[in-house]
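Q: Using the sequences plus the hints, can you model the full thing?
Heads up: the sequence lines are chains A and B, in that order. Heads up, the final residue of the first sequence is numbered 533 in full-length UniProt numbering, and it's a clean run with no missing numbers. Heads up, the final residue of the second sequence is numbered 533 in full-length UniProt numbering, and it's a clean run with no missing numbers.
No lab work stands behind these hints: they were computed from the structure. For each residue, glycine too, the CB sits at the ideal point set by N, CA and C.
Just a few of them, taken from the derived set where beta-carbon distance is under 7 Å, the chain A residues facing chain B:
| hint | residue |
| --- | --- |
| 1 | Met52 |
| 2 | Thr73 |
| 3 | Tyr120 |
| 4 | Glu152 |
Protein chains: 2
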Amino acid sequence: MSTDPKTDVLATAQAAASGAAKAATKPSKKESKLQFQLKVPKGTKDWADKDMVIREAVFDSLSKLFKRHGAVTIDTPVFELREILAGKYGEDSKLIYNLEDQGGELTSLRYDLTVPFARYVAMNNIQNIKRYHIAKVYRRDQPAMTKGRMREFYQCDIDFAGSYDLMVPDAEILAIVVEGLTGLGIHDFKVKINHRKILDGLFQVCGVKDEDIRKVSSAVDKLDKNPWEAVKKEMTDEKNQPEEVADKIGEYVKLNGSLSEVLEILSQKEELLANPIAKQGIDEMTTLLTYVQAFELEKHLSFDLSLARGLDYYTGLIYEAVTQGSAPPSNASELKKNKKSDDEDASEYVGIGSIAAGGRYDNLVNMFATANGKKNQSIPCVGISFGVERIFSLIKLREAQNKQINIKPTATQVFIMAFGGGPDWKGYLPERMKIAKQLWSAGIESEYVYKAKANPRKQFESAEKSGAPVAVILGKEEYLEGKLRVKRLGPEFANDDGEVIPIEDVVSKVQEKLTEARGVEGVDEVTRLLKGL
Amino acid sequence: MSTDPKTDVLATAQAAASGAAKAATKPSKKESKLQFQLKVPKGTKDWADKDMVIREAVFDSLSKLFKRHGAVTIDTPVFELREILAGKYGEDSKLIYNLEDQGGELTSLRYDLTVPFARYVAMNNIQNIKRYHIAKVYRRDQPAMTKGRMREFYQCDIDFAGSYDLMVPDAEILAIVVEGLTGLGIHDFKVKINHRKILDGLFQVCGVKDEDIRKVSSAVDKLDKNPWEAVKKEMTDEKNQPEEVADKIGEYVKLNGSLSEVLEILSQKEELLANPIAKQGIDEMTTLLTYVQAFELEKHLSFDLSLARGLDYYTGLIYEAVTQGSAPPSNASELKKNKKSDDEDASEYVGIGSIAAGGRYDNLVNMFATANGKKNQSIPCVGISFGVERIFSLIKLREAQNKQINIKPTATQVFIMAFGGGPDWKGYLPERMKIAKQLWSAGIESEYVYKAKANPRKQFESAEKSGAPVAVILGKEEYLEGKLRVKRLGPEFANDDGEVIPIEDVVSKVQEKLTEARGVEGVDEVTRLLKGL
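A: Right, here's the structure in full:
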């Protein structure tokens with residue numbers, strides 16, 4: 001049962017059988033000419049089997065995290081009116097999927113969950129909300145499947161909207177990042193933090209004109225992938241900054257360390273403190289320090305002045321969690337030179353990127369809210385998006401490295417079988433069904449072979465495939481005496497005959513055996529994988 | 001926090017503030033000219049608040065049901081290559097949403113979950129699978145919001161693919177329908193069943209030509225909404241059947257009753273038994289009877305020869321669950337005459353329709369599978385789709401009728417407050433954060449007010465809004481002595497001062513109070529609603 005996205009065979013479309021008695025009729029030669037590829041669209045994939053089990057467990061872990069912090073969830077349509085998305089993503093707007101104009105409104109698939117959230121808050125006049133949203137978003141980007149970059153992918157977002165005391169919700173978002181990643185067994189991560197106001201202030205201090213700030217900022221943002229020399233060249237050659245401006249920026253953006261260390265250094269920079277924007281940012285970071293200490297987060301944070309984040313709409317604290325796996329391999333530039341196909345993007349070679357990212361955006365809701373004919377009414381927001389596709393890749397790697405872990409795709413606990421023989425043997429199918437019904441009613445996941453008569457070997461094979469730890473066996477003679485057999489399954493129980501019990505005790509005996517099978521801890525394989533146990 | 005889809009105000013788009021220090025700048029008059037409606041696209045809606053909690057509980061109940069029957073889940077892309085959907089939906093193909101041709105492949109939003117499932121099975125050469133899928137599908141239909149008919153809506157499907165003994169998986173699907181609906185507190189339902197082969201055979205017996213069978217069948221399908229006279233008129237006037245053919249069909253399709261009763265009647269109809277197609281259908285229904293009795297389903301079933309089901313691809317057993325709420329109101333035709341707007345469809349007045357429906361479709365996978373260059377290899381399928389939007393409407397009605405039930409949108413269990421005063425009173429915010437961190441680490445959903453200093457009344461109001469049953473209170477003096485107070489919340493605890501405990505005992509004391517609050521049964525409000533308790 002492979003889900004290899006490369007499966008790529010020629011398919012023939014057949015007209016559906018329509019008349020009676022035509023069920024098995026083959027299409028005429030003419031009809032079968034219409035050929036097409038049997039595949040999913042580029043940049044998308046089917047999820048199935050163990051991957052699906054792991055992904056659901058990741059979503060469950062994050063949902064519980066978000067609920068623990070008092071958040072509610074919302075669900076918005078997968079497409080929005082085209083104007084809602086317009087002017088929100090700068091250059092990346094070209095990556096938006098439009099729906100065809102089939103009459104009626106013009107719509108586009110959502111590009112992220114943040115803009116629909118801001119639209120929702122503004123449309124419903126919401127003053128404050130903590131909301132999470134786990135859903136797919138769409139980008140007509142160059143896919144890099146192996147690194148988890150897809151055209152259809154999940155985002156897991158939590159955002160706090162509302163006017164609260166400075167840096168209080170921001171600190172809790174950082175707590176959520178740390179709690180979320182450690183909860184998924186990821187420990188070797190750093191959360192890089194920075195403040196847009198400090199960045200903007202230092203650009204001013206270094207002599208960048210206001211109108212150039214965003215483009216200089218986007219050059220700085222590339223420092224995680226490129227050496228300083230390349231970034232400097234972009235500033236001077238492409239972005240027309242004088243060399244001394246670039247060099248001065250270079251001094252600042254090389255600064256990084258713990259929040260308290262970097263704040264200590266910045267408190268010495270008089271020219272920066274003299275800039276009102278930078279000063280405001282530094283003050284906010286000082287306030288943040290107190291809260292970060294209360295949450296014991298400092299060891300996970302790295303105050304990094306080179307962090308700029310691409311999106312225009314951030315206005316305050318920004319952050320990005322990276323792991324060792326996110327860093328570029330040491331031979332990245334070598335790999336880049338050798339890249340063979342235009343289809344594969346260079347960023348294939350720079351690690352998997354950030355595994356969570358976000359920041360404060362205080363003006364986005366207002367862009368929609370002023371529309372309501374009301375005064376400019378600010379609904380400040382701060383949020384984080386977990387990069388679940390990338391996190392998933394890390395967990396898959398962990399699974400591959402741990403041979404102990406054996407995740408089964410079904411939840412089946414009990415397999416019901418019947419053994420018998422002789423000319424009068426009918427296979428006890430309705431009898432197996434009756435037992436199944438009792439177990440289902442008790443909430444126990446149960447299966448049996450969908451055959452009237454099945455031989456014992458086939459039934460054991462199916463049971464093994466299902467991964468059920470317990471079998472209920474209807475023996476031809478025993479069942480006539482009102483009895484059946486309950487036994488553990490698995491190689492270590494090959495010689496265990498189980499227990500013969502009265503039929504009416506089946507539910508309680510099965511529950512007893514299942515408790516036994518789950519062991520003392522009662523931790524299942526997926527939990528074991530996520531916790532890194 | 002309303003999610004009224006009618007919110008329909010004019011909105012002004014503002015260009016995002018881009019330069020530094022421009023955060024609060026208003027756009028120029030010119031920029032603000034671009035106006036658009038702040039709304040969601042027609043036929044879609046935002047889900048939020050209690051509705052979202054109920055919907056998640058419904059999905060959870062159905063997922064557990066599906067897992068109990070050994071099913072795995074898959075997730076397919078929201079859009080498919082256009083050719084995959086082509087030729088599958090007959091006339092309804094016009095309702096498919098296409099994505100714009102932006103270069104590359106032509107794609108369309110999925111119309112249901114069945115065709116993507118068949119594509120998945122064929123593409124991966126799967127011989128057998130029991131899969132469930134809960135996801136949104138898209139139809140450019142005339143929306144009827146109040147009846148739960150939307151352009152974007154959820155389907156909850158389970159399908160069994162594979163060659164099994166006759167009627168064995170079919171019977172289990174019927175068991176799943178009954179288990180699923182009763183599990184959601186729905187008891188006043190009937191599952192109408194019929195067999196395509198019996199229908200096709202009886203049409204032949206009545207003198208319908210093979211090529212007319214599907215269109216006559218679709219006329220019969222309207223018998224749940226229209227009287228026989230109207231259906232007969234459609235057959236004779238629109239579908240060119242002689243009156244005596246229509247009359248003969250009329251005699252047959254009026255038959256309904258329990259599975260055993262109707263089988264008894266049919267076993268007297270010699271002309272029907274002489275038709276090989278009908279005979280095969282009747283034999284299969286006889287086999288089904290045994291299994292249905294093993295599952296104790298007979299009282300929920302109604303063998304109804306007028307059930308035809310719209311889709312062309314069914315080949316065997318078909319079924320449709322209806323409730324009293326699904327039936328047309330007695331004054332339906334009166335209402336129809338008075339309908340005012342073209343926007344509202346007549347079917348607004350015929351109840352909410354079926355709440356679950358499906359059947360056997362043995363040729364659909366083969367339409368894709370033959371494409372693989374392989375021999376015609378049949379993968380028979382049988383499945384059911386729960387109409388969750390309609391089920392949701394029923395549960396909302398139940399909620400409205402039961403004032404006892406009070407569903408809260410958040411999961412918050414504990415609200416952390418601080419009380420103090422005087423000139424040196426700072427509000428204990430970092431201290432509240434420390435307690436929150438401990439509770440979160442123990443998995444307990446906890447909140448506090450995002451203000452450095454908050455007065456007790458404000459904090460109690462926020463606690464009440466959150467619905468938390470327990471409060472942790474940091475008193476200015478008590479906390480300095482290493483103590484805090486844990487108390488129950490709610491009107492009946494207004495005079496309860498709670499218990500003063502050492503800070504280090506906070507987690508265990510909170511857990512104790514929460515167990516107390518949950519009461520003996522430990523059943524939450526949503527479960528109570530779904531079970532109809």
